[in-house]
Amino acid sequence: MSIKLNALFSDSYVDISQYRDQHFKGNRYEQEKLLKQSCTLYVGNLSFYTTEEQVHELFSKSGDVKRIIIGLDKVKKTACGFCFVEYYTRADAENAMRFINGTRLDDRIIRTDWDAGFKEGRQFGRGKSGGQVRDEYRQDYDPARGGYGKLVQKS
Amino acid sequence: MSRRRHSDESDAGSQPHKRRRTSEPIEIEDRLESLICRVGEKSTSSLESNLEGLAGVLEADLPNYKNKILRILCAVARLLPEKLPVYTTLVGLLNARNYNFGGEFVEAMIRQLKETLKSNLYSEAVYLVRFLSDLVNCHVIAAPSMVAMFENFVSVTQEEDIPQVRSDWYVYAVLSSLPWVGKELYEKKDVEMDRLLNQIEGYLKRRQKTHVPMLQVWTAEKPHPQEEYLDCLWAQVQKLKKDRWQERHILRPYIAFDSVLCEALQHNLPPFTPPAHSDDAVYPMPHVVFRMFDYTDAPEGPVMPGSHSVERFVIEENLHCIIKSHWRERKTCAAQLLSYPGKNKIPLNYHIVEVIFGELFQLPGPPHIDVMYTALLIELCKLQPGSLPQVLAQATEMMYMRLDTMNTTCVDRLINWFSHHLSNFQFRWSWDDWADCLTQDIEKPKPKFVKEVLEKCMRLSYHQRIVDIVPPSFSALIPANPVCSYKYGEEADSSLPGFAMTTIVGNAIKNRASNEEILIVLKDVPNPNQDDDDDEGDGFNPLKIEVFLQTLLHLAAKSSSHSFSALAKFHEVLKTLTDSDEGKLHILRVLYDFWRNHPQMISVLVDKLIRTQIVDCAAVANWIFSPEMAHDFTRFYVWEILHSTIRKMNKHVQKIQKELDEAKVKLEKQQNKKQPDSGDEEDMEKNSEDEEGQLEEQIERLQEKVESAQSEQKNLFLVIFQRFIMLLTEHLVRCETSGVDINTTWYKNCIERLQQIFLMHHVIIQQYMGTLENLLFTAELDHHILTVYQQFCALQL
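These protein sequence lines map, in sequence, to chains A and B. Following the working numbering, the numbering of the first sequence begins with 32 at its first residue and continues without gaps. Following the working numbering, the numbering of the second sequence begins with 19 at its first residue and continues without gaps.
FYI, nobody ran anything at the bench for these hints, they're computed from the structure. Predicted model only: the values in this text are computed from it and were never measured. Incorrect hints may appear among the rest.
[To be verified] The calculated DSS-like cross-link candidates involving lysine-lysine, where the alpha carbons are at most 30 Å apart (straight line), are:
no., chain 1, residue 1, chain 2, residue 2
1, A, K97, B, K593
2, B, K576, A, K150
3, B, K666, B, K723
4, B, K201, B, K260
5, B, K260, A, K67
6, A, K67, B, K687
7, A, K97, B, K260
[Unchecked claim] Not everything, but these chain A residues come out facing chain B in the computed CB check (under 7 Å):
no., residue
8, D42
9, E83
10, E84
11, E88
12, K92
13, S93
14, N126
15, F130
16, T134
17, R142
Note that the Cβ used here is the ideal one computed from N, Cα and C, for glycine as well.
Make the full structure from the sequences, and use the hints.
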């Protein structure tokens with residue numbers, strides 16, 4: 032009776048993505064193992080003005096949130112549009128991947144992805160100007176993320 | 019594999035399969051699974067030709083893969099009930115080609131049925147019974163043997179000393195199969211079927227219905243009665259019978275194959291005795307059928323089948339099954355719902371919206387997590403942007419109109435859904451349409467609903483946004499600006515007791531004082547409760563708590579993370595100050611005072627205080643019921659805090675229980691490892707004895723921990739129920755002595771909050787029924803309060 036019918040009952044929203052943290056201390060296999068057990072989510076495409084409290088309200092809908100770490104510009108130490116959400120249980124994090132990923136927060140469609148686990152230092156953007164890498168090179172104007180990308184601003 | 023592979027691809031498949039170069043058995047098995055699972059999906063060929071093709075493929079593979087095919091077919095019968103007639107037809111075709119296979123399949127199904135019943139998988143068992151009954155239509159099972167099985171099911175109603183939910187299930191299994199097989203069974207065995215239905219009717223007349231009010235979403239009978247599920251199904255079957263079992267909605271692919279199938283030999287079901295009742299059995303809870311639409315609501319297009327039509331039952335069943343199969347993948351789920359076969363003959367959007375809200379509002383709880391329904395409705399709106407949002411708006415409007423009689427728990431869920439939904443659509447709503455609520459008392463259900471929705475919307479955005487999205491006339495319903503209220507601020511009265519100390523404490527904190535240093539500083543805070551300095555002043559000192567916590571919270575007010583760090587840093591001070599029950603209560607009061615305009619902050623900080631064991635769960639319960647909180651007693655956030663507190667308590671008990679169980683398993687393993695006599699391994703023996711001893715000690719400690727935690731849990735529920743009883747009794751007595759009607763808005767809210775405690779935590783509360791009945795819910799209690807308890811007990815009858 033234990034047949035699972037893999038052909039049909041996929042749970043694709045919970046699968047790990049292609050992204051691997053280049054700064055991860057360990058090999059690919061170790062990173063993937065952590066991703067598959069993780070209770071921590073990376074959340075991207077936030078507005079710079081989105082508060083921890085807003086994140087808490089939204090992500091509490093899939094379970095009790097253990098902690099939230101707002102991503103900061105490395106230079107300015109202000110919010111730069113991403114955060115980590117850690118749950119007490121994997122099941123709650125999975126429900127966030129299924130039902131909160133791809134929906135809106137502060138009118139923006141946010142994206143969640145598995146994270147191998149927060150370590151001190153990972154709360155900072157890795158772009159040259161201090162924010163996220165994606166804000167270095169983008170061409171569009173996004174008022175909620177500092178306007179134009181850094182490269183455009185410098186030119 | 020058979021040589022017909024190329025034509026199989028186009029007949030039986032919908033997506034083109036990657037042509038495999040090798041034909042490894044495991045790949046063939048995967049392919050069989052895929053072929054079987056996908057039959058019936060959108061395809062360029064007709065369903066009939068796909069079934070014909072697939073039957074041919076499977077027949078050819080029977081010699082080598084019979085068991086695999088049997089298992090896959092049994093699994094789809096159990097897990098894909100929305101495609102039931104597709105698979106029964108397939109089995110019918112296979113049986114016509116291979117009689118033995120048909121017989122083996124029936125046997126496998128019976129085994130599976132027994133197993134699902136033993137494992138308390140009652141909804142799956144229903145699907146299996148329905149599948150078997152449709153096999154009668156496919157000439158696989160002989161009608162008389164099906165009738166005999168149904169007779170055995172119905173005879174459960176004659177059993178003595180069984181929970182009502184047991185006999186309910188067996189009756190339900192029979193009735194819910196009749197839309198599929200009623201016609202055939204009546205044609206072959208009308209006398210027996212009449213007798214069966216009479217027995218069922220008798221049972222339905224005498225069964226208890228005390229539980230029904232507790233499960234209804236609306237207390238009003240109009241416009242749609244919230245019927246108990248068996249009553250509704252009975253009415254539907256009665257109507258079907260009156261219509262001579264003519265049923266036109268169910269897809270019946272086997273009709274096209276009638277000439278082939280009627281040549282097939284049928285099998286008799288082996289006599290099936292329902293497994294005896296055991297104490298482990300967990301039968302499904304009764305439920306109430308949720309209806310919010312009827313034929314007057316869909317303005318154009320196909321007419322909605324009536325509430326007692328069997329079509330309604332079948333449509334709702336199938337939609338529930340689709341959600342059950344695909345809830346994890348919202349895009350697939352939405353697509354599957356919207357491609358429901360026969361959708362052109364019914365107002366599908368209305369059915370979908372009704373079924374989804376029916377699940378969301380189901381009492382005691384929805385089958386799936388609440389947020390899933392929000393995400394699903396958003397996907398549906400994306401797929402049908404021209405029609406579904408309008409139906410959803412219509413539904414929301416209808417529910418707003420009927421808030422006066424909606425169960426408080428359901429209103430909570432509606433508030434959560436609506437605010438979250440709006441936050442995905444720029445909070446666009448025609449608020450002016452609801453201007454009628456502005457003239458009502460703010461505690462009435464409609465203005466209260468709007469107020470709570472706006473509060474939740476604010477939590478997902480920010481205060482100014484809410485001010486901007488509602489018309490100016492709604493200003494009274496806009497939530498307070500969520501800023502802190504520092505008692506000792508610049509504008510404060512400097513003669514407030516402790517005012518001077520707040521500066522000293524504030525500076526100490528800013529200068530990174532340690533916990534000990536802070537405690538020393540605080541010694542100078544006088545105790546308003548004591549006349550003399552008797553001891554070191556370690557007793558409960560409300561002023562100390564006030565001075566310290568207000569100052570600390572003020573310094574950390576920037577964000578919740580700042581506040582969490584502050585609480586963590588000064589954990590020791592807080593623990594010391596709140597060593598007594600009074601201390602715990604007071605810290606909650608101070609916290610409330612400081613953050614009273616920001617309920618979300620109160621909520622997260624109470625959570626932290628419990629998790630860091632500065633306050634215990636009972637303290638939170640006592641605080642919520644305290645006179646100081648009376649004015650916020652009907653606000654949603656207060657109940658969120660209480661239920662969250664109860665859940666933390668429950669999880670704590672579960673966690674320690676799990677540790678205990680794991681230790682016991684470890685000990686068992688350790689004991690099994692011991693060899694009988696291995697004289698030369700004395701050291702090893704001694705080590706294992708030591709380990710055993712340690713484990714036994716650990717188990718003893720954990721056992722104590724579990725008992726202590728359970729005691730705390732029981733006490734928490736006792737406190738909560740006791741306080742409810744006190745409050746409600748007070749109100750009832752006051753009303754009676756002054757001759758006032760008891761049914762005030764406050765009373766309705768309070769009694770439904772009491773109900774909510776039972777419903778939301780029913781599994782845990784079951785354990786403590788004895789204590790509750792002996793200590794609290796005794797016969798002396800006012801019958802209004804006792805009724806709630808009795809209705810709850812009736813859920814498990």
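Going down the list of hints, with the structure as the test:
1. At roughly 21 Å between alpha-carbon atoms, A/K97 and B/K593 fall within 30 Å of each other, so this suggested pair holds.
2. Of the pairs offered as hints, the one joining B/K576 and A/K150 holds, with about 23 Å between alpha carbons and a cut-off of 30 Å not exceeded.
3. Using a Cα cut-off of 30 Å, the hinted pair B/K666 and B/K723 holds, with the two alpha carbons roughly 16 Å apart.
4. Note on B/K201 and B/K260: the hinted pairing holds, with a Cα-Cα distance of about 11 Å set against a maximum of 30 Å.
5. This hinted pair does not check out: B/K260 and A/K67 have alpha carbons roughly 57 Å apart, beyond 30 Å.
6. Restraint check for A/K67 and B/K687: the C-alpha separation of about 29 Å stays at or below 30 Å, so the hint holds.
7. Of the pairs offered as hints, the one joining A/K97 and B/K260 is violated, with about 58 Å between alpha carbons and a cut-off of 30 Å exceeded.
8. For A/D42, the interface hint holds, the least distance from its beta-carbon to any beta-carbon of chain B being 5 Å, beneath 7 Å.
9. The interface hint given for A/E83 is met, as the beta carbon of that residue sits about 5 Å from the closest beta carbon of chain B, less than 7 Å.
10. Interface restraint check for A/E84: the shortest CB-CB distance to chain B comes to about 6 Å, inside 7 Å, so the restraint holds.
11. Satisfaction of the interface hint for A/E88 is found here, the shortest Cβ-Cβ separation to chain B being roughly 4 Å, below the 7 Å cut-off.
12. Against a cut-off of 7 Å between C-beta atoms, the interface hint on A/K92 holds, since the closest Cβ of chain B lies about 4 Å away.
13. With a cut of 7 Å, the hint placing A/S93 at the interface with chain B holds, because the nearest CB-to-CB distance is about 6 Å.
14. Among the interface hints, the one on A/N126 holds; its C-beta lies about 6 Å from the nearest C-beta in chain B, closer than the 7 Å criterion.
15. A cut of 7 Å between beta carbons decides the hint on A/F130: the least distance to chain B is about 4 Å, and the hint holds.
16. Given hint, A/T134 at the interface with chain B, holds; its Cβ is 6 Å from that chain's nearest Cβ, closer than 7 Å.
17. With its C-beta approaching chain B no nearer than about 14 Å, A/R142 sits outside the 7 Å limit, and its interface hint is violated.
Violated hints, listed in ascending order, are 5, 7 and 17; each of the other numbered hints is respected by the structure.
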